[in-house]
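Protein chains in written order, with my numbering: chain A, 1 to 275; chain B, 1 to 314; chain C, 1 to 335.
Some hints could be false.
List time: in silico EDC-like cross-link candidates among lysine to aspartate or glutamate, alpha-carbon distance up to 16 Å [what the hints assert, rightly or not]:
hint, chain 1, residue 1, chain 2, residue 2
1, B, K270, C, E225
2, A, K159, A, E140
3, B, K20, A, D98
4, B, K191, C, E225
5, A, K148, A, E207
6, B, K20, C, E225
7, B, K270, C, D25
Honestly, the hints are just simulated from the structure, not real lab data.
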Amino acid sequence: MAMKMEISKSVFKPTVEGDNRTKVDIKGLSVYYGKFRALADINLSVHEKRITAIIGPSGCGKSTLLRSFNRMNDLTPGCRMEGEIYLDGENVLSSGMDVVNVRRRVGMVFQRPNPFPKSIFDNVAYGPRLYGIHNRSDLESIVEHSLKSSALWNEVKDKLNQSGLSISGGQQQRLCIARALAVEPEVILMDEPASALDPISTLKIEELMQELKKDYTIVIVTHNMQQAARVSDFTAMMMIDEARAGRMIEYDATNTIFTRPKDRRTEDYVTGRFG
Amino acid sequence: MSNFSELMNRNRVRWARQRKIANAVMLTLTGLVTVLALIPLFWIIGYVIIQGGQNINLDFFIHMPTPLGVAGGGVLSAIEGTLVVTFLAAIFAIPPGVLAAFYAARYPSTPLGVALRFSTDVLSGVPSIVVGLFAYAVIVVPMRHYSGLAGGAALAVLMLPTIIRTTEEMLKLVPGTLREASLGLGAPEWKTSLSVLFPAASSGIITGFLLALARASGETAPLLMTALGNERFDIAQIIRSGIQSHMNVFQVFWRIINQPVDSLPLALWKYAQQPYPERVKLAWAVALVLVLFVLIINVSSRVWIQNRSRRMKG
Amino acid sequence: MLKPLKPHPEKLWLTRARRALHYGDRPWQGLLVVISALVIVLMLAIGGLLWFKSAGARSAFGWSFLTPTANPNWDPVNDLFQAWPFLYGTLETSLFAILFALPIGIGIAIFLAELCPSWLRIPLNWSVELLAAIPSVVYGLWGIFVFLPRVVAPFGVFLGETLGQIPVVNALFAGPIPASGSSRLAASLILTIMIIPTISAVARDVFLAIPVAQREASKALGATEWETIWQVLIPYGRSGILGAVILGLGRALGETMAVTMVIGNSIQGGASLLFPGYTMASIIANEFAEAVSQLHTDALIEIGLILFILTLLLNILARFLVWQVARQMPQEARS
Chain A
1 MAMKMEISKS VFKPTVEGDN RTKVDIKGLS VYYGKFRALA DINLSVHEKR
51 ITAIIGPSGC GKSTLLRSFN RMNDLTPGCR MEGEIYLDGE NVLSSGMDVV
101 NVRRRVGMVF QRPNPFPKSI FDNVAYGPRL YGIHNRSDLE SIVEHSLKSS
151 ALWNEVKDKL NQSGLSISGG QQQRLCIARA LAVEPEVILM DEPASALDPI
201 STLKIEELMQ ELKKDYTIVI VTHNMQQAAR VSDFTAMMMI DEARAGRMIE
251 YDATNTIFTR PKDRRTEDYV TGRFG
Chain B
1 MSNFSELMNR NRVRWARQRK IANAVMLTLT GLVTVLALIP LFWIIGYVII
51 QGGQNINLDF FIHMPTPLGV AGGGVLSAIE GTLVVTFLAA IFAIPPGVLA
101 AFYAARYPST PLGVALRFST DVLSGVPSIV VGLFAYAVIV VPMRHYSGLA
151 GGAALAVLML PTIIRTTEEM LKLVPGTLRE ASLGLGAPEW KTSLSVLFPA
201 ASSGIITGFL LALARASGET APLLMTALGN ERFDIAQIIR SGIQSHMNVF
251 QVFWRIINQP VDSLPLALWK YAQQPYPERV KLAWAVALVL VLFVLIINVS
301 SRVWIQNRSR RMKG
Chain C
1 MLKPLKPHPE KLWLTRARRA LHYGDRPWQG LLVVISALVI VLMLAIGGLL
51 WFKSAGARSA FGWSFLTPTA NPNWDPVNDL FQAWPFLYGT LETSLFAILF
101 ALPIGIGIAI FLAELCPSWL RIPLNWSVEL LAAIPSVVYG LWGIFVFLPR
151 VVAPFGVFLG ETLGQIPVVN ALFAGPIPAS GSSRLAASLI LTIMIIPTIS
201 AVARDVFLAI PVAQREASKA LGATEWETIW QVLIPYGRSG ILGAVILGLG
251 RALGETMAVT MVIGNSIQGG ASLLFPGYTM ASIIANEFAE AVSQLHTDAL
301 IEIGLILFIL TLLLNILARF LVWQVARQMP QEARS
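Sequences are here, hints too, so could you generate the full structure?
And the structure:
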């Protein structure tokens with residue numbers, strides 16, 4: 001399949017409240033681990049440059065859904081995906097798709113910070129180097145830019161050569177965010193990014209997300225409903241059905257989900273009656 | 001924003017293809033290298049089976065070596081010698097090895113435990129020929145002659161670290177709750193160890209013995225200066241003459257181990273380097289016996305372990 | 001006032017029996033301690049014995065026993081001994097063996113740990129381990145009659161005609177290789193085959209111990225499988241891989257029979273890989289049983305002492321590395 005022309009970032013449509021373009025369109029997604037169906041018939045339109053939260057009780061497949069966006073599920077042996085996921089109109093799941101490029105366009109931040117045992121500089125420069133950027137000054141400007149975008153620059157600018165493991169957990173997570181930003185993704189996936197962190201680091205990450213959404217489409221999985229309510233523009237509620245497959249129950253603006261949910265199950269979940 | 005996009009877009013398509021090709025090439029290379037490394041395995045085994053198989057017959061197993069040119073010779077002396085040295089090695093190595101392992105598993109952090117683990121590591125790294133020198137100095141020199149006893153002792157030193165390590169690991173795998181249950185019932189420490197822990201770990205331990213024995217039976221270097229090799233080693237004859245001279249069991253036993261003995265690897269070493277084709281053929285036959293022995297023990301002990309762990313998982 | 005509860009009175013025979021059973025504990029403990037101490041004594045005894053029994057040679061020759069010379073003496077008849085050719089032979093063959101075995105061993109480890117389909121994993125693991133189980137003499141036999149004429153001799157001729165013609169490099173590759181193929185090259189190649197299982201087993205365990213999260217992080221950035229292996233996994237596991245190399249080196253240093261059978265056993269010298277040579281282990285194997293004089297024996301024991309010290313040092317180095325790796329791991333968990 002031929003690659004479409006990259007949307008240049010300098011042509012930047014100003015957002016108007018209510019003008020929500022679809023960045024990622026999921027149609028009829030089902031994910032199987034061997035014979036077991038983990039996700040059933042998921043339909044979801046993720047809006048560009050907004051924060052979309054995916055919530056639901058434990059084990060309902062939130063992470064599986066998230067990992068479908070950038071085909072990280074491929075790494076699990078025996079995993080099979082049916083349906084389509086359209087990223088700017090191209091089906092990510094089609095066999096001709098270049099997975100490596102998909103993963104560059106759709107970045108991921110994991111639940112536990114996982115920096116490489118390299119220097120802070122080399123952690124952030126890892127991605128650009130993969131893509132053939134070796135000029136030192138180019139790399140330096142990319143690293144600086146990425147660390148500034150993840151609100152870590154001031155704390156580490158004097159110790160870029162120290163190991164990525166030598167900083168605190170909250171800083172490591174922001175390092176991982178910077179690392180993901182360095183390859184200029186269009187979408188950023190976050191799998192419970194603050195659940196392993198202390199409250200202050202969590203707050204910093206949430207503030208960061210508000211900054212980042214100006215430039216990136218963000219999809220976040222969280223089991224913390226207050227966080228979803230604080231941070232996201234749109235929320236998707238998931239639950240498992242009788243066959244233990246995850247399904248999308250309701251998807252709407254966050255305000256609506258948390259104040260006037262349409263589905264009884266959503267209302268039960270967000271008011272804490274279970275889950 | 002954008003250094004990265006511009007820089008990357010410049011040669012994006014060509015770069016992406018290069019990365020893909022490099023990836024495919026290197027990954028294929030690792031597979032090829034694995035195949036490459038296994039070629040000698042199959043080559044050696046195949047050759048030994050073919051060459052050795054041609055030259056193996058009943059005479060091989062039940063007759064003593066005959067002088068050159070006389071047909072019907074075998075390697076009985078080497079087979080008997082191998083049995084003697086391996087038996088001695090097992091007796092010398094297994095009891096102390098198991099006991100030391102009990103200590104190491106129970107008290108890993110005492111000074112003695114740490115020193116024990118260090119010594120085991122060092123011993124496992126000592127080259128086999130150096131162990132032979134040690135046995136020479138300690139047994140052959142004071143006794144003033146080579147003997148199967150010295151050979152067995154040398155092999156025991158080689159087996160000891162393996163036995164300690166495997167036994168220790170198997171003991172550690174026994175759930176701590178088993179030990180606590182036994183002690184809680186009032187059983188003393190020693191009884192717990194012998195009647196509860198040891199049986200629970202026994203299949204793994206025995207497998208460890210067998211593997212160590214298989215290794216020891218293939219060793220040559222330490223025997224060069226201890227058992228020395230002895231083409232006239234004939235247990236049946238020793239027993240017969242012992243009965244005639246009215247010796248008791250112990251004296252006969254002593255006579256068996258107190259003289260130079262032959263062994264299969266030693267015979268192989270000797271025959272391989274002789275310029276006579278019949279001897280070389282014998283060498284291949286000996287190689288076949290050794291390889292089959294090693295293969296059978298290795299494969300069957302692994303199969304046993306697999307079965308056991310499958311059964312334990314329910 | 002409440003009376004304190006009296007402990008339930010035990011029957012006398014029960015007490016006596018329990019005490020008798022527990023008498024076994026002290027001897028048991030004692031036995032364990034004694035045996036463990038004996039193991040430690042054994043290790044010390046080996047070193048000590050080698051040291052003392054080589055005293056004659058050590059006092060006769062001092063350091064000149066070991067120093068590199070162009071014309072080494074090894075003359076049992078006249079009691080002149082210099083061990084340099086054996087030291088050189090051991091080092092040259094072992095180092096080349098590591099040079100060849102390292103990429104192969106790591107390649108196998110990568111394949112087994114990262115790429116191998118699960119049904120193939122166990123048979124392949126077994127097969128690689130079987131390579132290590134074949135007795136050294138069998139390797140030697142196959143070496144003499146199959147490997148040397150079919151592989152080493154032609155390869156040696158090739159090397160002699162290519163690398164052997166380039167100045168500087170040809171110090172190591174000057175031909176011609178003997179027609180039989182018996183040479184240090186033969187020994188290096190057989191050693192390579194023999195230490196591959198050691199290196200690959202340890203390296204494979206190193207890769208398997210690296211957390212999955214590292215691979216996920218790399219792949220999520222768009223790295224290919226090979227890029228992940230080369231740029232993340234190998235650097236992450238470099239201490240462990242070094243440990244594998246050291247273990248392999250230790251094994252190569254001490255390998256005796258196969259080496260003796262293919263190396264040509266000649267003191268002639270010359271630095272080239274293509275010439276026949278000698279290693280420390282093989283000179284002991286060849287000459288010990290027929291040593292001519294006490295000094296001859298002492299000199300051979302001194303060579304054994306050097307081997308012992310070398311492998312001891314390697315062992316300590318490997319333990320140090322393991323300790324370092326263990327120190328690095330807990331940093332992952334910090335928050």
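Checking against the hints above, which ones are violated? 1, 4, 7
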